[in-house]
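Letter by letter, the chains look like this.
Number of protein chains: 2
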Amino acid sequence: MNVNICLIGKGIVGTSLIQILLNKKEFFERKFNINFVVNSIIEIDGALINSQGIDLKEVIDIKENFRRLPYWEKDAKFEDITSKLNIAICIETTPTNPKTGEPGLSHIIHALDNKIDAVSSNKGPLYLEYEKLRKLAKLNNCYLKYEATVASCVPTLGIKEALIANEIISIKAILNGTSNFILSRMTTEGINFDLALKEAQELGYAESDPTLDVEGYDAAGKLVILANELLGWSKKITDVQVEGISKVSSHTIELANTDGYVIKHLAIAENNKLIVTPRLIEKHSPLNISGNLNAMELQTKYAGPILLIGRGAGGFEAASAILNDLIYISKRRGYIT
Amino acid sequence: MNVNICLIGKGIVGTSLIQILLNKKEFFERKFNINFVVNSIIEIDGALINSQGIDLKEVIDIKENFRRLPYWEKDAKFEDITSKLNIAICIETTPTNPKTGEPGLSHIIHALDNKIDAVSSNKGPLYLEYEKLRKLAKLNNCYLKYEATVASCVPTLGIKEALIANEIISIKAILNGTSNFILSRMTTEGINFDLALKEAQELGYAESDPTLDVEGYDAAGKLVILANELLGWSKKITDVQVEGISKVSSHTIELANTDGYVIKHLAIAENNKLIVTPRLIEKHSPLNISGNLNAMELQTKYAGPILLIGRGAGGFEAASAILNDLIYISKRRGYIT
Numbered sequence: 038m039n040v041n042i043c044l045i046g047k048g049i050v051g052t053s054l055i056q057i058l059l060n061k062k063e064f065f066e067r068k069f070n071i072n073f074v075v076n077s078i079i080e081i082d083g084a085l086i087n088s089q090g091i092d093l094k095e096v097i098d099i100k101e102n103f104r105r106l107p108y109w110e111k112d113a114k115f116e117d118i119t120s121k122l123n124i125a126i127c128i129e130t131t132p133t134n135p136k137t138g139e140p141g142l143s144h145i146i147h148a149l150d151n152k153i154d155a156v157s158s159n160k161g162p163l164y165l166e167y168e169k170l171r172k173l174a175k176l177n178n179c180y181l182k183y184e185a186t187v188a189s190c191v192p193t194l195g196i197k198e199a200l201i202a203n204e205i206i207s208i209k210a211i212l213n214g215t216s217n218f219i220l221s222r223m224t225t226e227g228i229n230f231d232l233a234l235k236e237a238q239e240l241g242y243a244e245s246d247p248t249l250d251v252e253g254y255d256a257a258g259k260l261v262i263l264a265n266e267l268l269g270w271s272k273k274i275t276d277v278q279v280e281g282i283s284k285v286s287s288h289t290i291e292l293a294n295t296d297g298y299v300i301k302h303l304a305i306a307e308n309n310k311l312i313v314t315p316r317l318i319e320k321h322s323p324l325n326i327s328g329n330l331n332a333m334e335l336q337t338k339y340a341g342p343i344l345l346i347g348r349g350a351g352g353f354e355a356a357s358a359i360l361n362d363l364i365y366i367s368k369r370r371g372y373i374t
Numbered sequence: 038m039n040v041n042i043c044l045i046g047k048g049i050v051g052t053s054l055i056q057i058l059l060n061k062k063e064f065f066e067r068k069f070n071i072n073f074v075v076n077s078i079i080e081i082d083g084a085l086i087n088s089q090g091i092d093l094k095e096v097i098d099i100k101e102n103f104r105r106l107p108y109w110e111k112d113a114k115f116e117d118i119t120s121k122l123n124i125a126i127c128i129e130t131t132p133t134n135p136k137t138g139e140p141g142l143s144h145i146i147h148a149l150d151n152k153i154d155a156v157s158s159n160k161g162p163l164y165l166e167y168e169k170l171r172k173l174a175k176l177n178n179c180y181l182k183y184e185a186t187v188a189s190c191v192p193t194l195g196i197k198e199a200l201i202a203n204e205i206i207s208i209k210a211i212l213n214g215t216s217n218f219i220l221s222r223m224t225t226e227g228i229n230f231d232l233a234l235k236e237a238q239e240l241g242y243a244e245s246d247p248t249l250d251v252e253g254y255d256a257a258g259k260l261v262i263l264a265n266e267l268l269g270w271s272k273k274i275t276d277v278q279v280e281g282i283s284k285v286s287s288h289t290i291e292l293a294n295t296d297g298y299v300i301k302h303l304a305i306a307e308n309n310k311l312i313v314t315p316r317l318i319e320k321h322s323p324l325n326i327s328g329n330l331n332a333m334e335l336q337t338k339y340a341g342p343i344l345l346i347g348r349g350a351g352g353f354e355a356a357s358a359i360l361n362d363l364i365y366i367s368k369r370r371g372y373i374t
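These protein sequences, in sequence, are chains A and B.
Residue 38 is where the first sequence starts when you use the working numbering, and the numbers rise one by one after that.
Residue 38 is where the second sequence starts when you use the working numbering, and the numbers rise one by one after that.
Bound-form chain A, shown alone (with noise of 0.2 Å):
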């Protein structure tokens, strides 16, 4: 079967995703009798445009010039073409605005407004709109997924179905996968906090502007869509009590050594309250993980904790994670028998 998909966003994540959909094509049409067909592929001057399906071989042999692809229609936006073409699942893989959520909160309400589910891997308009976007989607008889939001490819958000008996009591969890890295190279070389940045910039974990990631907004926002998914809450980022890393001296990190702790920027929802702040935890804890990992534990009344650990970033990593949403979504709407 034909499922319609048009991708917001031709970054990272969105060439990642159109590469493993060339890739698993035949996967998927064996596996699941499914054809995935991009009939539209968004950037913010233009979209790629072909209502029978885009040749994604060619938008990836042609990289950076698709642009100058006889179907690139300058200007037109995604708001413009959802009469036009028929769209089964839209894919929004815009970089995230801490403030606004923009322009993937329009999108994403475009979609639900006009009957088509959506697939987030940009996770501002869930922090900031969780609620008004949960309600839209259930109004519309919409599916809306975001498994890439919060630990990439780490299926923290997915892993709900298979402990739905559980009571889910709190979350603890590591999100932000440069500041983990940070405090690993702190702790295992005895450097300090800017020396630990700048290694952490050069190798391409770290903006260069590394605010979000360092003082905490990043990991604040995931922990908002792990505490409402999960334990059924109904936070905004804005509830979230957040102090970032970059006061942590090597001599803390020493003295937490000496006793057999280790200093790691945890994400705890537990209580009603929400938290992303620097925490001492033994050097023994599945916590520890090391390097640009992210990791969450879940207190659950009657299995103990739970633990899930896997890469936090990476275009791969989040594009595999997309599939996973569009898999659910296709089994849920029969497109998958």
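If you are wondering where the hints come from, they were derived from the structure by calculation, not from laboratory data.
Because the structure is a prediction, the values reported are computed rather than measured.
Hints should not be assumed to be uniformly reliable.
Copies of the same chain look alike in the list, so a pair counts if it fits in one copy or across any two.
[To be verified] Each computed DSBU-like pair below joins lysine-lysine, with the alpha-carbon atoms no more than 30 Å apart: (1) K338 x K310; (2) K121 x K338; (3) K320 x K310; (4) K169 x K152.
Dock chain B against chain A, hints included.
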């Protein structure tokens, strides 16, 4: 909605399940509008039967004296009562017989033959007759779920749905809490295998006959189930190459330690092979879990490694996995709307 349940086995897992069903009665009614009515509890020498639903509180309160209850029917068997009682789901929790899988295997076959959905915490039937049971369930259009058989409450099987578009390439896991506890103690305390085993037995982690645990057969059985479920294989326990941990010496552990490694009893599924064996892993590997935890690392094509960690045993832990299976079936059967 009322859903009639037959519970087979009133051991630690069965009793924990009764306790949780009692505790969560209101929660299930409120959250899912479902009422699990246990109309039969089967033991080796008879059964508690009440077609209107057994008073679970009474069963818990009377503890080991349940055979004195007026609705105890001596010598009643599961196979005899299915025609008389309306049973939607049967829950098999008898102890694992690693050679024959009985009586669990016959219970599950009888349930499926009679169009009764089945949930099992007994792994023997699954690792001995996986293909047969899978086909029988399909033939009878029944659900057969067994989350509790591998790593207890940790959703090692249920995570499949959350990773449905991922290509899982290989599995590396620690699936036996007893052997992991013994290796952990040998590592941290520098004691030898015999002493660590004795300690595990005194703490109740190891059986008086620890062969199944320390020689790797328990882990091998679980590995078969994991590989068949997550990789789509059709293996039996006889396909597993097994080596236990009883030959691991303190000296070996010391040597490994010097170079930053620890020895873990790994269950590995890759390249169409199943292996349970002691292996070196890096100290900083997230698989370096201590105590009686279980862990599973899935290697995926686009998302790298994804890890799940949690308690691998315990009555309430297994019961919580059974409950998730119950809800899974109830959703798909439309008992939950």
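Hints versus structure:
{"no.": "1", "hint": "K338 x K310", "in the structure": "within (18 Å within a copy, 37 Å between copies)"}
{"no.": "2", "hint": "K121 x K338", "in the structure": "neither (50 Å within a copy, 36 Å between copies)"}
{"no.": "3", "hint": "K320 x K310", "in the structure": "within (25 Å within a copy, 34 Å between copies)"}
{"no.": "4", "hint": "K169 x K152", "in the structure": "within (16 Å within a copy, 43 Å between copies)"}
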